[in-house]
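Q: Chains as they are written, first to last, in the numbering used here: chain G, 1322 to 1725; chain C, 64 to 259; chain E, 14 to 207.
Hints in this document: simulated from the structure, not taken from any laboratory. Cβ coordinates follow ideal geometry from the N, Cα and C atoms, glycine included. Any given hint could be a false lead.
[As the list claims (entries may be wrong)] Only part of the chain G face toward chain E is listed, based on derived beta-carbon distances under 8 Å:
| hint | residue |
| --- | --- |
| 1 | 1377 |
| 2 | 1383 |
| 3 | 1466 |
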Amino acid sequence: MEPIDLELEEGELELPAEPMHLNMGPSHPAMHGTVRIVLELTGETITKADVQIGYLHRGFEKMCERGTWAQVFPYADRLNYVSPMLNNVGYALAVEKLCGIEVPERCMWYRMALGELARISDHLTCTGAMAMELGAFTPFLWFIKAREMLWDIMEEETGARLTHSFGRIGGMASPPTANFKAMCREALPKLIGLMEEGEKMLLKNRIFIDRLENVGNISGADAIGLGWTGPCLRASGVPYDVRKAHPYLKYDEVEFDVPVGTRGDNLDRFLVRLAEIRQTRRIIEQVLERMPDEGPVSVDDPRVMLPEKKDVYTTIEGTIQHFKLIMEGAKVPKGEVYSYTEGGNGELGFYLVSDGSGTPHRVRIRPPCFTITQGLQKLITNSMLSDIVPTFGSLNMIGGECDH
Amino acid sequence: MSERILETLKSRFGSAIFETHSQFGDDTAVVDPAKWHEIMTFCRTELECDMLTDLCGVDYPEREPRLEVVAHLYSIAKRHHVRLKARIGDRELEGDVEIDSVANIWPTANWLERETFDMFGIKFKGHPDLRRLLMYPEFVGHPLRKDYPAQKTQPLIEYRTEEEAGLPLDKQLPFGPDEGMSFGRKEFTSGEGEAS
Amino acid sequence: MGEVTRQVTLEGSQTGFATTRLDALLGWARKYSLFQYPFVTACCGMEFMALASPRFDMARFGAEAPRFSPRQADLLWVVGTISQRQAPVLRRIYEQMMEPKWVLAFGTCASSGGFYDNYTTVAGIDKIIPTDVYVPGCPPRPEAVIDGLLLLQDKIATGDRTPGIIKPREDPASMGNVNGLVQLQKKSAKGDRP
């Protein structure tokens, strides 16, 4: 028998198939924690994606309404838990804007120094985790080693490695220690050295570059429409940095550049973060030079600051002031305010509504990575399954902040 | 600089702008909910507010209208902020509380409005996909409303019982009466350590 | 290692005994080759990363290898807050693990819900799954977690299934007038009571 020669149409050669539904579940090996992506795949290509968040919703806004203004600090710490000092400073600035308090100069420099150290910690964790998820385990360990040096400084200053709750309305919990500047100056070169080693190792690797370049592209206009801010927006070419556009604390008195990318892909986001660590180092060095070595670090306003312990135990005014501030809370004037700072991921905003009492009426956090995670669906649709890992890693979604 | 925004809004929309203020340097305008979409489109096109920074709700239970939708807009080119508010909803909030969706003006409004719906129950007309975002679909109620008790949980799975666990599962002090540290603890009357 | 007397167990418990040499051998083998499933959700995850890194090295206790499939793991590290939405997921992961399995609650949120006493947090994972060791702290220092890991290893070696909590070694009240803090009158823990 002769074999039959059939002329088939192009379309008939394809077998009819159903798209596959895959669930990248909330318990995920990548250290992001808790995001569920429900995917519809055709082969390896994603046709539809549904990003579901909320698995770490801890009721930050509701808990704030149940305490006093000062009791929000521990909750605020746990929002972006890789850079907790930035959240503390952001919230303290918001309440101070509402109260009309300006902190002493030493406190401003101190807040800047600690905040920028926290920013380095954030960027190191993000880039390290992204490298680890692509298989490069060693740079992750180097970056964590660098982060440990930072956390040693934080522990010396605040008493805790991670969630310090160090900010206070009107200042900080305690003044800088005597060897704060020496420790920072000693740790920074070592830190940057470790970061550069990791960077060299990664950027010379063909596989790493191929997995990140031209993957997860987004244009500047799309990013603005999606509400992106921070390193992700700057990687798409839009040079918006809250520290330059609307300077707060003493950011207008220090010199630093804002790294901006061109293509808006994963590689640009990675490189922008590393470049920002270098700029942050410049900022910290200038801050350490300009920070005065003596002077008060908290404002002396009895409406918001707790008196010294010895006054509380020995004078009646101290006792009453302490009692009123702890039991009833600082009486913040009535009104509403929106205060924004540059968090690790972008514009971290706090919208506070006060009804004049010691308990907040509404504390709304504007989480930078909430709007960034919203863009994930757009980035991964029509790309391959394995592109989700570097794309999601480069967005730096922090569960505590995204789900508040 | 930004006073001009409020003036521009007032001159363009007249009576739809109920009140304005610039407390603490933030320009705020309370607008008519029926003109929400129109005013937002104006801000996007004429005032060049290309970024919707935030959209949230606030509950004022003592007041009627009770719920307030607050939107913060920002212009990257012109560097100005403006806050727009709209007041909706009656005291009891029994029916649907609705306002127009701005998801077709800024894509970021998609999730921001879903979250506001989840937390306050405000429905956005014209939203492409209005469902809960932070809470699970089986959750009943809207947690950030002032009348939702903060500690009322709605568990998805059954908790273990004490017989099954073999030990008390409510929060209690972990150490026995003669163990651990003595400060900060209540006096024990018997072997059971029950924290009140 | 293996100082069973310095551990704390909850009241009403009975310690199991490793009665045969085979059991002792199995206990030894299991405790030094734990395959962990890191169920990481929140801030404690950062301390978990620090624990896995060279400074606080978990690998020296044999507990390095993470297995991201519950079928291949025997120690479930619940790291961070578990919300009501996440609870069925945790239960399912626990049920998918095969015996023998242990659970370590890392952090205060996993142990008791922490200060998130609200509509969305599960007040402690023991409401959902049986837990073997609780490591409190917000987040706990890596040394505290290693303490918990060693406690768990002792439990595995002796076959003890009762839950335990790590305990601070030194009572802060007995340290004297530290850093100029006003020291209140100390009540002794033992001896005053009948």
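Q: The structure should be examined with respect to each hint, and the outcome stated for every one.
A: Each hint, compared with the structure:
no. : hint : in the structure
1   : 1377 : 6 Å, holds
2   : 1383 : 6 Å, holds
3   : 1466 : 6 Å, holds
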